[in-house]
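Asker: Below, each chain spelled out in residue letters.
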Amino acid sequence: MKLKFIEEKAVKGIMLITTLLVFLFVGSILYTIVKNGWRAMSWEMITDLPGGGFYIGKEGGLLNAIVGSLYIVGASTVLGLAVSIPVVFYLNIYLKKNAKRGSIARLAYDVLFGIPSIVYGAFAFTIMIYFGLKTSLAGGIIVITLLIIPIFIRSMDEIARELPQDMLNASYSLGATRYETIKVVVRQIAPGIATATLLSIGRAIGDAAAVLFTAGYTDNIPTSLGQPAATLPLAVFFQLSSPIPAVQERAYAAALILTGIVLILSILGRIITNRFSRNKIQ
Amino acid sequence: MNTTGEECKIAQKTSGIRLLKDKMAGSVMLTFTLVSVLLVVLIGIGLMIKSMPILHEKSLWELLCTSKWKPMRGDFGFLPFILGSLWVTIIAIIWTLPVALFTAIFLTENSRTWVKKIVFPALDILAGLPSVVYGVWGILVIVPWISDWLAPHFVEYSTGYSTLAAGIVLGIMILPLLISLFVELFSSVPRELREASLSLGATRWQTTKYVLLKRTFPGIVASVTLAISRAMGETIAVLMVCGNIVQLPESLFDGCYPLPALIANNYGEMLSLPLYESALMLAALILFVVVFVFNIVSRLILRKLEQKLM
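Just so you know, the sequences run in chain order B and X. Our numbering numbers the first residue of the first sequence as 2 and each following residue consecutively. Our numbering numbers the first residue of the second sequence as 358 and each following residue consecutively.
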């Protein structure tokens with residue numbers, strides 16, 4: 002057999018191995034998290050606040066972290082959408098395709114997307130000190146909003162850019178203004194907005210470094226924006242660093258809850274993309 | 358005549374309002390866009406102002422190239438942290454680059470649709486998992502694997518919390534990013550080029566090697582740069598498995614202390630020492646500058662390539 006055919010076979014083998022490796026990692030991570038998390042899982046983990054001796058291994062649950070995470074993620078998703086949807090419309094309807102300003106803005110969002118969350122956290126924390134704010138729910142919401150805006154804009158923009166120019170022209174030729182044309186565009190990119198939202202929620206709920214200094218940690222559910230809020234990733238992080246095995250077990254439970262939420266979001270995202278992209282004009 | 362004239366007036370009036378709305382919406386959107394774009398500048402300037410005190414005290418060269426870290430005595434040598442970051446990132450890239458390349462080639466060149474239908478969701482999951490979950494997995498799987506199984510072959514003793522563990526975990530985290538960048542890159546190469554090569558009797562791998570990889574080489578470099586900048590900033594997962602020991606790492610099985618871990622571990626506690634705070638801000642600024650430069654360079658290369666290939 003010629004050398005090139007042997008090479009072909011060998012490379013094919015390597016490719017299969019590397020692809021299987023990807024599955025091995027996914028499998029190993031999910032298996033480890035589920036196996037360890039399930040042992041420590043119980044109803045009271047989801048429904049109870051930490052009790053008196055929670056951090057030495059006595060009764061209580063993670064409700065503070067679950068609710069704190071939901072507050073932060075919910076609020077920052079709404080704020081993030083409110084900022085990024087106008088930006089996407091501006092980039093794709095008001096600006097001409099391939100406009101220089103648009104490409105500079107997109108580059109800026111790419112950079113923002115790449116900035117590590119720890120840098121966002123440190124930056125937000127200095128600003129909070131400057132204004133005399135303490136670690137609080139509000140701080141967490143602001144920093145997570147900043148963090149997910151570039152994700153929102155990038156993923157929605159990717160879909161909006163594929164809109165055919167003819168469709169916009171058709172709307173203009175009927176006498177619609179650019180502002181009115183948005184109504185047409187919204188229907189086309191709605192699934193994109195939904196997927197982008199799920200993607201950002203996934204990122205927002207899993208981020209620990211940014212909320213580390215800004216949201217703080219507490220055993221209670223915050224009742225106002227000025228109080229600190231616990232979050233799931235930090236619940237994992239802090240409890241895992243405890244020397245007491247029973248507390249570490251809870252970190253696994255928290256990791257399982259977090260993974261469960263992220264997986265559900267990712268599956269929903271797939272379903273939405275598959276189902277709704279049927280209506281799209283190609 | 359009269360009625361049409363009035364209709365005209367009404368039409369003019371409403372169209373005036375409509376145009377006004379259009380203009381106003383436009384300027385509101387422009388403001389949002391400008392403000393969000395300015396955020397990059399704002400973060401850069403903010404970090405720069407905050408790290409000024411320590412830069413006044415000491416030269417940048419001295420800060421970056423000495424390895425003494427005693428904040429209480431005023432010694433701030435960033436070298437261990439910079440080397441820690443570098444080593445962890447290098448290990449991560451070295452092992453993920455071939456894996457990502459071959460997987461991406463497999464996905465774009467050799468596999469059937471049903472394979473893609475199961476591989477892409479798996480990559481989605483990998484990309485979506487929070488970094489703290491990777492950290493837990495690293496502690497439960499990679500760290501014991503290194504300390505019980507791998508390290509005894511090479512060194513006398515290792516806790517497992519090491520540069521190598523951090524590199525492995527970090528690699529898995531950037532794997533989905535690299536693969537998706539590569540897949541996008543390879544799919545943008547026109548099919549005619551491959552067909553031309555195949556029709557001359559080249560095997561698939563030869564076609565891949567001489568047509569695909571050669572043509573997308575700048576793109577591959579850019580993608581790797583992008584992945585490096587992502588890896589540099591990864592905090593929590595690395596922090597959980599890297600050992601957090603301030604030293605110049607001598608072997609892969611020693612602990613290390615990358616820059617993001619430095620910020621995460623110490624920020625918030627050091628406000629009594631202004632110089633310490635400034636030092637940590639300088640760490641954030643270093644990360645920012647690296648990410649900024651790497652991102653812009655790689656995005657510009659990728660963009661140019663995209664236009665050329667289209």
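Note that these hints are calculated values from the structure, not bench results. Here a beta-carbon is modelled for each residue, glycine too, at the ideal position from N, C-alpha and C. A couple of the hints might just be wrong.
Where chain X lies over chain B, by a calculated footprint (3+ residues, C-beta under 8 angstroms) [as the list claims (entries may be wrong)]: (1) 67 to 75; (2) 80 to 92; (3) 119 to 126; (4) 138 to 149; (5) 176 to 182.
The calculated lysine-lysine pairs, modelled on DSSO-like cross-linking and capped at a C-alpha distance of 27 angstroms, are [to be verified]: (6) Lys-427/X to Lys-101/B; (7) Lys-3/B to Lys-571/X; (8) Lys-473/X to Lys-571/X; (9) Lys-474/X to Lys-380/X; (10) Lys-427/X to Lys-415/X; (11) Lys-370/X to Lys-10/B; (12) Lys-10/B to Lys-474/X; (13) Lys-98/B to Lys-184/B; (14) Lys-101/B to Lys-473/X; (15) Lys-3/B to Lys-566/X; (16) Lys-571/X to Lys-5/B; (17) Lys-571/X to Lys-13/B; (18) Lys-98/B to Lys-566/X; (19) Lys-5/B to Lys-566/X.
Asker: Would the pair Lys-473/X and Lys-571/X pass a check requiring their Cα atoms to be no farther apart than 27 angstroms?
Answerer: holds (24 angstroms)
Asker: Within 27 angstroms, alpha carbon to alpha carbon, are Lys-10/B and Lys-474/X?
Answerer: holds (24 angstroms)
Asker: Given the hinted pair Lys-5/B and Lys-566/X, is their alpha-carbon gap at most 27 angstroms?
Answerer: holds (12 angstroms)
Asker: Does Lys-566/X sit within 27 angstroms of Lys-98/B, going by the straight-line distance between their CA atoms?
Answerer: violated (35 angstroms)
Asker: Does Lys-571/X sit within 27 angstroms of Lys-3/B, going by the straight-line distance between their CA atoms?
Answerer: The hint holds at about 23 angstroms.
Asker: Verify the proposed pairing of Lys-427/X with Lys-415/X, using a straight-line Cα cut of 27 angstroms.
Answerer: With Cα atoms ~14 angstroms apart, Lys-427/X and Lys-415/X stay inside 27 angstroms; holds.
Asker: Given the hinted pair Lys-571/X and Lys-5/B, is their Cα-Cα distance within 27 angstroms?
Answerer: The given pair, whose Cα atoms are some 18 angstroms apart, holds under the 27 angstroms limit.
Asker: Regarding the pair Lys-474/X and Lys-380/X, is the alpha-carbon distance no greater than 27 angstroms?
Answerer: violated (45 angstroms)
Asker: Given the proposed pairing of Lys-3/B with Lys-566/X, does the C-alpha separation stay at or below 27 angstroms?
Answerer: holds (17 angstroms)
Asker: Tell me whether the statement that chain X covers the segment 138 to 149 of chain B is true, taking a Cβ distance below 8 angstroms and needing three residues at minimum.
Answerer: violated (count 1)
Asker: What's the verdict on Lys-571/X and Lys-13/B, does the C-alpha distance respect the 27 angstroms limit or exceed it?
Answerer: Satisfied, since the Cα-Cα distance of roughly 19 angstroms is no more than 27 angstroms.
Asker: Starting from Lys-98/B, check that the Cα of Lys-184/B is at most 27 angstroms away, please.
Answerer: Within the cut-off at roughly 19 angstroms; holds.
In this structure, the hints that do not hold are numbers 1, 4, 6, 9, 11, 14 and 18, in rising order.
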